[in-house]
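Asker: Sequence:
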Amino acid sequence: MATQRRRVLCVLPQLNATAAPVLTNVVDEWIYALAHHCEVSVVDRDFDFKAVCDELQPDFVIFSAVHSGRPLRLNITNIDTYPEIPRALYFNCDPHDPMRPLTLSAVTEYGIDTIFCFGLEHLQHMPELSQFTCFVIPKFIDPEIFHDYNLEKIIPVNIMSGHLFPSFYPWRAKLTHEVQHLFPTLIYTHPGYSLHDRRPFEIRDAKYAQLISQSYFSAADTTRLDYVVRKHLEIPASGTVLLAPDSDRLREYGFADMQNCIMGSGKELYQKINEVSKDLDLYSDIRRKGYELVHSRYTRQAWTYIADWYECRRAVRSGEVVRQINWFGKFEIVPMQSHSAVFVNMAIPDSPMSAVLRSARSAILEGGDLKEVAQTLKELSTWIGHIAEPWILLGIISLLEGNAGEAAILLSRRSNLQGSSSPALAQIDPVEIAWLLLLSDIIGDKDLRVFLLEQAKTVPHVSIRRTKWLIEANELADLSDDASLDGPLPGDCLSIAWIGNEDLDSWLDLMARLLRANNRHERALDIEGLLAMRVRSVGPTNTEAATV
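Under this note's numbering, the first residue of the sequence shown carries the number 965, and numbering increases by one thereafter.
No wet-lab data here; the hints were simulated from the structure. The model shown is predicted, which means the values in this text are computed figures rather than measured ones. Any given hint might turn out to be false.
Here are the computed distance ranges between Cβ atoms for each label pair [to be verified]:
hint, residue 1, residue 2, range
1, R1215, E1370, 40 to 50 Å
2, E1239, R1281, 51 to 61 Å
3, S1323, R1281, 40 to 50 Å
4, G1383, P1047, 57 to 67 Å
5, A1441, N1483, 18 to 28 Å
6, N1367, F1147, 43 to 53 Å
7, S1241, R1168, 22 to 32 Å
8, E1116, G1349, 38 to 48 Å
Backbone N, C-alpha and C define an ideal beta-carbon position, used for all residues, glycine too.
My request is simple: use the sequences and hints to build the entire structure.
Answerer: The following block contains the structure:
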């Protein structure tokens, strides 16, 4: 779609000087992909936005996410100048990355109005992204590195990083344990993400691709969250048959079992490997089709999404918006009031983790079995050590059980862990602020309250406004005239949490139960009275009306 090379300014957080090349190469690869289609300028140091734009005159600006490869946000002056220049975020980090609050606060601060996600996993894992214009674009490979090297295949089965994070890659961990007893298997140990902890015998870039290319089969897991990783593309791109779990996310990329890859687990998977190994024509056909799929759709050269979006964006007239035709699809211009403002008839499915988090959210808001929910969330938190969403929900459950001390530990756990490596990384999520602010009122910690109110100034959120109203108002009067408590407002910061922007009545009910659990009975009674008044003023709910 792009008809000419546009000028794009790419703004990157500062590089992690201790990160190993295996990490730094990956986090910046989108820059090189974009450079195939645009004139790219990169800034990764503090700068004056107006001065840089005056010099470079970019057509649009893309900001990179904050993550372990680039963990330090820049100090950007005059960021409010040139608001007419489109600004988007490329959300190039794990959907469970603990630094996401740093990225999400930048969305508001930098005037970003569009987010590109490299897969559904971000939308699945962060429900507040539904408030924003988000587009889903695929991952990709560099065909100069990942191609068929026409090397003799001497490795029957290859498992890259076979022992890394087994609780987060359970399919791969099980395969690693079992397949070596059935087929000769090479298990490559991950070289490490830090310069200070690099393993010997590291291979990367072309040598890494060549090792894959010398294998008949190579395995890649979709993680506990069931999302596509780069290996799912790198393996077939190198001329090797992909082994993977049965996954709808892979099918969305065009993968089909026994046609261009092999999907499955356990005995069924091993039988398929055995069958394909004995039929060289079938093996060659699967291998060829997997190679063609990746090299025809998912290369740097084919990754025109951001450039295409801009061409569509610049043609938008008043009353129109840009819409994506399905995930990984093309962009089109539609009236602002069209049925779907982002995707065409595409609902976001739950991941294994988001299904649990959604169920826990419902149980907390509806007064379900919290002991069972807490046990499930604790198990969820073992999948990988830095997943913060279960901690927030567990902290709320602790408050509902009257355990303020445990709640304080859980609600501050993510920011404390991040801050232990650098104070600059310790930014508190707005919903974390809201719950800790409520906690400070319950336990009477004035210093904590002052600190949190200061933190809240830069990350506006409905949960903070509601909590401030709750702890500051002498009388809990009718809220009908205060629209700021109803829901999100323009300019609000997004949160990673699963509780924080529920409807006002659900929040009031939750507050009443929570305050009673912490011996704040008078305040709880006030809220219950206010809630009853609100119900009477609007009439029975749909559920109540159905029973009348």
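Asker: Of all the hints given earlier, name the ones this structure violates by number, lowest first.
Answerer: Hint 4 alone not satisfied by this model.
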